[in-house]
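Taken in order, these protein sequences are the chains called X and W. Here the numbering used here is used: the first residue of the first sequence is 1, the next is one more, and so on. Here the numbering used here is used: the first residue of the second sequence is 1, the next is one more, and so on.
Any given hint could be a false lead.
[Claimed, not checked] List time: in silico DMTMM-like cross-link candidates among lysine to aspartate or glutamate, alpha-carbon distance up to 20 Å:
#1 X:K152 with X:D76
#2 W:K104 with W:D41
#3 X:K152 with W:D261
#4 X:K104 with X:D41
#5 W:K214 with W:E230
#6 X:K152 with W:D150
#7 W:K152 with X:D261
#8 X:K104 with X:E63
#9 W:K152 with X:D150
#10 X:K13 with X:D41
#11 W:K104 with W:E62
What the hints contain is simulated information worked out from the structure, not anything from laboratory work. Source: prediction; values computed, not measured.
The residues making up each chain are set out below.
2 protein chains.
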Amino acid sequence: MALRGGIDLGGTKIEAVVVDEDSAVRGSARRETPRTGGPQDVVRELAAAISEAAEAAEVFPEELAGVGVGSPGEVDRRAGTVARAGNLPGWRGSFPVAEELGQKLGTQVRVGNDVRVAVEAERVLGAGRRYRSFLGVWWGTGIGGAVVIDRKLWLGLGSAGELGHTVVRLGGAPCPCGRFGCLEAYAGRGSMERRARRAQEKGAKTVLFDLMQKNKRDRLTSGVWAAAIERDDELAIRLVERAISALGAGIGSALNLLDLDAVVVGGGLGTRFGDDGARRIADAMLPHLFVDDRPPPVVVSELGDSGGALGAALLVA
Amino acid sequence: MALRGGIDLGGTKIEAVVVDEDSAVRGSARRETPRTGGPQDVVRELAAAISEAAEAAEVFPEELAGVGVGSPGEVDRRAGTVARAGNLPGWRGSFPVAEELGQKLGTQVRVGNDVRVAVEAERVLGAGRRYRSFLGVWWGTGIGGAVVIDRKLWLGLGSAGELGHTVVRLGGAPCPCGRFGCLEAYAGRGSMERRARRAQEKGAKTVLFDLMQKNKRDRLTSGVWAAAIERDDELAIRLVERAISALGAGIGSALNLLDLDAVVVGGGLGTRFGDDGARRIADAMLPHLFVDDRPPPVVVSELGDSGGALGAALLVA
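Using the sequences and the hints, build the whole thing.
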């Protein structure tokens, strides 16, 4: 029986699974993503994580039919390389992840874009399996996206899915990408944190950064945002509302163009805010829908945190 | 040999063609769209136009393998009905165009959305035939759109292609659709005219409305806009720049989401401004592209005015 490996390489943690032919998890492991060093150090941790998961599944890594890696940055699926992964240490140029990790493990390795891999997992195993077409909205540090058309992930010339760089306000807020008015500039957790920090510097009261320190975080995680909102923190509430308003516009525009069956929301904040968040996104989207008498359902991803690793394993299915 | 009919039903004119199996035109006719009356009157003119085109092709209408109609408004392809066609006289409710016209002609009739039909013509016979995927941008009174994915028009749940209702400025200018900040609110010829009129009322100098009257028009046609720009009319230049800036954002957002092979620009203004307009749209789009080192070509539709009727004939191919 052919077991496969899947690794979700995130900015803070590495999640590895070994699955069987039905995508049932036979072993798993989790490690911290190195904060210093370079691609070599990250690949060493990837190897350690999948080896640990393989051990839990009682196989050797070289016995795996293959290992898939979902990665941030610019992924070249065919070449098996990852470039410009800003959230990973010392990772500017292109690095041959598939080749280097493959040599360490003694099996074939494929790499894919982290968001697309997670959306593919939802399509095959999760919330997307009921729909012929849907828009995946991955709400985290950035806003990732993916479009499923006729039950297939649409990649276009290779980079389709950049929903986060939908212009929702011409000449608007600066985006981490260097452009202006992108959805991500309003709704990405990174942009939300920058705005919260500026507001605090200007005298706004907020528990956001106290909660961050209390929880020993060095940035505003999804958990910190959720906790601040539970405490009725005005700044947090306002910034999340602003994010949802922008998400409504960006998602509404995508649906006007593509008239899809559904929207599947995932990512750190998407998962954290759950059904309530999905309902609020649906409400924010409705006023922008051109055909507004049959709005598509907005549902939360079903695989949550493990979707990335499960989807990565699908790269070698 | 099976001849087919195609009718482009526009707000000002009705264009009919009879084509052979290679889509070569064997006969054509043009009539004015009725300005008063109701759907029955429009359908009578449709029948007259295609009968005239058939006569030119030396066949009787009932000998045609079928007749396709590209129509504005809400088109239900399966039911063969058209509803809420605001630019046509007395046309609010749903009217069974396929049935009524079919009875008059003695052959089968199919109806399709005017923009999608024109884009389908470009896909099969025109500027789109070279591309696996492209975005059709129909720049006229409104902003129509259509998405070709894997050489097929993507309709989604039936209404895909509403590029004109991409939100380019959250909370922005009022759109004819009743929403705010849509691309069409900035770039639709109807919105441009309203803004020009308001500017003139507020004292702005412009030759736009003089040219309109001199050319015996009751609205600012594409020809009037082009003539005003040729005379260096500042208001016209400014409003066209504003439109192109909005088009750049809307098209850029669509490409970020779908990473398509090309953009095909058509419609009254799109055709009128031609290659120069396409170049300016490409320039306005570039700053919004997430992957900006290989911008897709922006090309002008090749079939121009006759694309609508040729595409309508494809409905019965």
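Here is what the structure says about each hint:
Between the alpha carbons of K152 (chain X) and D76 (chain X) the distance comes to roughly 19 Å, so the proposed pair stays at or under 20 Å and holds. Proximity of K104 (chain W) to D41 (chain W) is assessed by CA-CA distance (about 13 Å); at most 20 Å being required, the pair is judged to hold. The straight-line distance between the Cα atoms of K152 (chain X) and D261 (chain W) is roughly 18 Å, inside the 20 Å bound, and the hint therefore holds. Simply put, K104 (chain X) and D41 (chain X) have alpha-carbon atoms about 13 Å apart, close enough for the 20 Å limit, and the pair holds.
Taking the CA atoms of K214 (chain W) and E230 (chain W), the gap is near 16 Å; set against the 20 Å cutoff, the hint holds. At most 20 Å may separate the alpha-carbon atoms for a hinted pair to count; K152 (chain X) and D150 (chain W) meet this at roughly 12 Å. For the given pair, K152 (chain W) sits about 18 Å from D261 (chain X) by alpha-carbon distance, which is consistent with the 20 Å threshold. Restraint check: the Cα-Cα separation between K104 (chain X) and E63 (chain X) comes to about 13 Å, which is no more than 20 Å; the hinted pair holds.
For a cut-off of 20 Å, the pair hint linking K152 (chain W) to D150 (chain X) stands: about 12 Å separates their Cα positions. Proximity of K13 (chain X) to D41 (chain X) is assessed by CA-CA distance (about 14 Å); at most 20 Å being required, the pair is judged to hold. For the hint linking K104 (chain W) to E62 (chain W), the alpha-carbon distance of about 9 Å falls within 20 Å, and the restraint holds.
Going through the hint list in order, the structure satisfies each hint without exception.
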